[in-house]
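Engineer: Could you put together the complete structure from these sequences and hints?
4 protein chains.
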Amino acid sequence: MYNFRTDLANERRDIYQKTSKQEGQIDGIESTKEEINENIKVERVKITNENGEKAIGKPIGNYITIDIKKLKIAQEEEIKQAANTLSNELKKILDEHIDKQGEVLVVGLGNIYVTPDSLGPKVINEIDVTRHIINYLPQYVEEGTRMVSAIAPGVLGTTGIETVEILKGIVDNIHPKLVIVIDALASRSIERISSTVQLSDTGIVPGAGVGNTRSEISIKTLGIPVIAIGIPTVVETAVLVNDSLDLFIEKLQDEAKSNEYLNKLKEEDNYEEIKEVLMPKDYNLIVTPKEIDELIENMKDVVALGINNSL
Amino acid sequence: MYNFRTDLANERRDIYQKTSKQEGQIDGIESTKEEINENIKVERVKITNENGEKAIGKPIGNYITIDIKKLKIAQEEEIKQAANTLSNELKKILDEHIDKQGEVLVVGLGNIYVTPDSLGPKVINEIDVTRHIINYLPQYVEEGTRMVSAIAPGVLGTTGIETVEILKGIVDNIHPKLVIVIDALASRSIERISSTVQLSDTGIVPGAGVGNTRSEISIKTLGIPVIAIGIPTVVETAVLVNDSLDLFIEKLQDEAKSNEYLNKLKEEDNYEEIKEVLMPKDYNLIVTPKEIDELIENMKDVVALGINNSL
Amino acid sequence: MYNFRTDLANERRDIYQKTSKQEGQIDGIESTKEEINENIKVERVKITNENGEKAIGKPIGNYITIDIKKLKIAQEEEIKQAANTLSNELKKILDEHIDKQGEVLVVGLGNIYVTPDSLGPKVINEIDVTRHIINYLPQYVEEGTRMVSAIAPGVLGTTGIETVEILKGIVDNIHPKLVIVIDALASRSIERISSTVQLSDTGIVPGAGVGNTRSEISIKTLGIPVIAIGIPTVVETAVLVNDSLDLFIEKLQDEAKSNEYLNKLKEEDNYEEIKEVLMPKDYNLIVTPKEIDELIENMKDVVALGINNSL
Amino acid sequence: MYNFRTDLANERRDIYQKTSKQEGQIDGIESTKEEINENIKVERVKITNENGEKAIGKPIGNYITIDIKKLKIAQEEEIKQAANTLSNELKKILDEHIDKQGEVLVVGLGNIYVTPDSLGPKVINEIDVTRHIINYLPQYVEEGTRMVSAIAPGVLGTTGIETVEILKGIVDNIHPKLVIVIDALASRSIERISSTVQLSDTGIVPGAGVGNTRSEISIKTLGIPVIAIGIPTVVETAVLVNDSLDLFIEKLQDEAKSNEYLNKLKEEDNYEEIKEVLMPKDYNLIVTPKEIDELIENMKDVVALGINNSL
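Residue numbers (this note's numbering), protein chains in the order written: chain U, 78 to 388; chain L, 78 to 388; chain C, 78 to 388; chain R, 78 to 388.
Heads up, some of the hints might be wrong.
Since the list can't tell identical chains apart, any single copy or any two copies may satisfy a pair.
Heads up, simulated BS3-like pairs for lysine-lysine below, C-alpha to C-alpha not over 27 angstroms straight-line [said to hold, decoys possible]: (1) Lys177 / Lys358; (2) Lys98 / Lys297; (3) Lys297 / Lys118; (4) Lys131 / Lys297; (5) Lys95 / Lys334; (6) Lys118 / Lys169; (7) Lys169 / Lys358; (8) Lys352 / Lys157; (9) Lys358 / Lys98; (10) Lys149 / Lys352; (11) Lys147 / Lys343; (12) Lys358 / Lys95; (13) Lys358 / Lys149; (14) Lys157 / Lys334; (15) Lys123 / Lys149.
It should be emphasised that the hints constitute simulated quantities derived from the structure, not laboratory data.
Just so it is clear, the structure is predicted and the values come from calculations on it, not from any experiment.
Structural biologist: Pasting the structure below:
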């Protein structure tokens, strides 16, 4: 399989189309786009069969990408709009898997002390949990309120425990009907850092985005459906350079300054060669935008509000 | 039973002696004191039978109190000395319950976003975990290294899940041999805030110190020994006022300004009356010293270093 | 002069009335009260002559106290209401001292690393400054926009420089027409901690609340009017105990359990004696409520929004 | 002048040599290198005349670059070694400009709320200030102790005031003999992010590294010598891509896969073209490594300790 270096299904589909030189619809993959407003776009990719699975290396299921422009400078109103979009999509997916009162456990992956990795734990702090109120003070909640609990289990490097081991233990003990996992993703483009949300109902492999594959968190390992809310927050330098090189050659082509060799270079994927060049110099760092603190803060508001509204 | 309003066994013993007007040794309670240096004192209280249990309302077991003076202005050297004292006491207790290689899970209770309640999660971030290295990269650790894992499970108000439910799930899934729990305690004296550590091998009731009793975390609920490291970080205003009132009357007595009524007042416990007076005015807040940020920072270093050295 | 142990003019007036056994209006002090809504009350104290000055030890000028109940659990709507109240009062005072376009420098006193002392610097981070835009990109602001700048100068213990020395230098160099200073105050009652705002147009003495008198920040030292926004965030244990003792004796009196001696005790101010008792035991700490993080966060929103709306 | 896109004098000298195809010593520029240990290297560049100034676009003076490898995983011992190296170089520069007791003001530029820009304010919090002790409690310091004060003035976007305006005011008011400024720099290489310190005695232009030129902070504007301690913490994507492209072509050349066109491309500086390509896509972000929190934390310890030891 092609090394996509992105967890976003729509980016993978584009790359598959480009590298396989296929135009139009791919068998097993359905897509629709919707423009919510000037700044918010939604793309729904559905993988419907094994052919689709193989094409882009993602399991059968729904993948919804919400792109939010100018999140860095977003005001209250724009954050609410983005949260509403997330909330609407999340509700639709939830309804496919559990009933209105089905108990949900929200899990925020990541490390609170590493800014680009702190989104998950920060969202957890804002989730309106109801499980303990329903259990101990039922008079204070409306009948029919959904039980919601939330946890930030930490990261393997700090806990020494695989996240799935922690979650398996909790799920077996408190028996929710569905898990929502918030995680950092890898994307191909730095413009998507903390500006894109991908919703999917096929679970997650923590750290997959940055090359540290951990055990899967999914219906297979937990026994209940897992909805993943993934947000790109970092990008690998070699990916950045590879994509920028293509853009640069494209410009030379436009200006008729390119040549056969460069054209060929652009056709190929030079990621591995670039990585090889950068590695010995310690150049191939994982990077994040300078404004990551503010981006995370705004994205936290979007995701927390989006989840709270839908539950 | 008397309402001790302290989780410290040595404070309870003192109160029991005072209120029961017993002098000398109490049946079922053994105590020794040691002065490590000018600033560090250790007191070991052992409850040996049911009589001792009844007297001070704590289960049979070991209770070691380490008092550290001037922690607020402690420098590197003093923090290391305090950590060594903790480490020595912890090693002795560990050796009574598991062998040198027995796997340990360290649990930091509390809420990272509430300064006086953030000690537990902050210590967890500093624990030298080895479990994942032994599992995935055994070549990087010496043979015989003890497996250590660590978790900050959050608080009921944020997670909606009782801490013991989370821990039970994890313990059943990863099978450590012993749990060390770091928790906030109640103390009678504001001078002990973040300056005292109590080690015990009888487990813990989270939130007991501030009147929110949660389910017990102990060998009864988890099935393995639980060592508690408790640190007072807050005090209730009514406790503060009650104790200060006694000191004030004592002063009047010394100056021969007191009278029968005041003497009687001092003999009695006025906590309930004082609380009743303060409550309607919203005066009975739980308070913490102004310098709590720095106290927590220094105590975090003491506890993290103390645990790491002993494991 | 009586040791009031509060910076709030209305608390001082009450104490003056009580200790001097004066009822009704005091010469040189005018007061009005207004109830904005169930949770917000405003009291305006005006000191009009030297007699008023002497009575309560505050210079001639306006002192407006805004009390906000339940700020700890305040939602967006309640925070906006409180900010509006602050904004309305602030506008009135501003209009008395400068014209609509008069340049303002907002100063946030305090130490960002000490939670109960971090309000000032946190507010500064939220102020809508315009000075640099008017200077460098005037096309982006409406004509007639007021120049606003803001600074958090730090505290003497961290900078080694008196705050007034820093401000004097800046004021002489950038020439604002008025300074707004945000500072921590002392109050008599723990219920007022981070729930009360006092506005005054007579400047400030940093640290006065906690016994560290620094040089005055006022029209005398800076040469331009200084509006102070003071918020109580800490209280001294001896003050707490002294006030609680009075409440306790009151209760005994109500129950006819008191006696002559106690009645006399209540008439007197026992602060100094209580302090004397607590000091040798290191008991006389400055304390703050356990929930100070959340209180500061909400108060920051009230003050920042209140200032931004009025400028 | 060539657009160096780096504030490091030694990187500029290398680029000048490469682009001007000059080998060996350049007139007006003297350099020496020293290897302190396996992980720490020092390079001293001295610009001695106008010719040197013109060549690399930096004023006459001393530029000392300290490179610290593996700072991300540095332990206490390595941080102390790095601090000692900084301290030794700083002492030498200080001695050239003021006497042993000459008062020093340490200034930490940057924004505490933006992780890659927070180094300056964080260092200020750790500086051992003595000015207030010498002024108010001279009995507590040894005779001959140097007066040290420190300030974190904030950034133009938050204060609305040019940093030099703030500093000019303070310097004119408290009269130090020398200013040390800590600032973020631009570097060409991502490996130098928060791993390199440049000391210079020619002052600083805040924000120069990221294209926001502010007024100079130097002897010209403040009237006293200004020593700058600059640390690269961010890099522009176009710089990253441009440098990586060169490395990539070099590799193709080594493998004899390059061609005339590519060779020419490598000879030229393609920064502007790459920037042009990335800009319309919002790709040309300023980036920082994922681990920036930890890098800043360790670098803060190095710089604070280095300054404290030398003063």
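Engineer: Under a CA distance limit of 27 angstroms, which applies to lysine 98 and lysine 297: within one copy, between copies, both, or neither?
Structural biologist: Cα proximity of lysine 98 and lysine 297: none, with 34 angstroms in one copy and 62 angstroms across.
Engineer: At most 27 angstroms between C-alpha atoms: does lysine 149 with lysine 352 qualify within a copy, between copies, both, or neither?
Structural biologist: Answer is between; shortest inter-copy Cα gap is 21 angstroms, intra-copy 30 angstroms.
Engineer: How would you classify lysine 352 and lysine 157 at a CA-CA limit of 27 angstroms: within, between, both, or neither?
Structural biologist: neither (40 angstroms within a copy, 34 angstroms between copies)
Engineer: Checking an output row: lysine 157 and lysine 334, CA cutoff 27 angstroms. Within, between, both or neither?
Structural biologist: neither (47 angstroms within a copy, 53 angstroms between copies)
Engineer: Go through the copies and call it for lysine 177 and lysine 358: within, between, both or neither, with a Cα cutoff of 27 angstroms.
Structural biologist: This pair counts as neither: shortest intra-copy Cα distance 54 angstroms, inter-copy 42 angstroms.
Engineer: State whether the alpha carbon distance between lysine 358 and lysine 149 is at most 27 angstroms within one copy, between copies, both, or neither.
Structural biologist: Only across copies: lysine 358 and lysine 149 sit 16 angstroms apart there, 32 angstroms inside one copy, limit 27 angstroms.
Engineer: From the Cα coordinates, with 27 angstroms as the cut-off, is the pair lysine 169 and lysine 358 best called within, between, both, or neither?
Structural biologist: neither (48 angstroms within a copy, 32 angstroms between copies)
Engineer: Classify it for me, lysine 358 with lysine 98: is the Cα-Cα distance of at most 27 angstroms met within a copy, between copies, both or neither?
Structural biologist: Between copies only: 24 angstroms across chains, 35 angstroms inside a chain, cut-off 27 angstroms.
Engineer: Using 27 angstroms as the alpha carbon limit, work out where lysine 147 and lysine 343 are close: within a copy, between copies, both or neither.
Structural biologist: neither (30 angstroms within a copy, 35 angstroms between copies)
Engineer: Are the CA atoms of lysine 358 and lysine 95 at most 27 angstroms apart within a copy, between copies, both, or neither?
Structural biologist: between (31 angstroms within a copy, 19 angstroms between copies)
Engineer: With 27 angstroms as the alpha-carbon cut-off, assign the pair lysine 123 and lysine 149 to within, between, both or neither.
Structural biologist: Answer is neither; intra-copy 29 angstroms and inter-copy 42 angstroms both fail.
Engineer: Using 27 angstroms as the alpha-carbon threshold, which applies to lysine 297 and lysine 118: within, between, both, or neither?
Structural biologist: This pair counts as neither: shortest intra-copy Cα distance 31 angstroms, inter-copy 52 angstroms.
Going through the hint list in order, the structure does not satisfy hints 1, 2, 3, 7, 8, 11, 14, 15.
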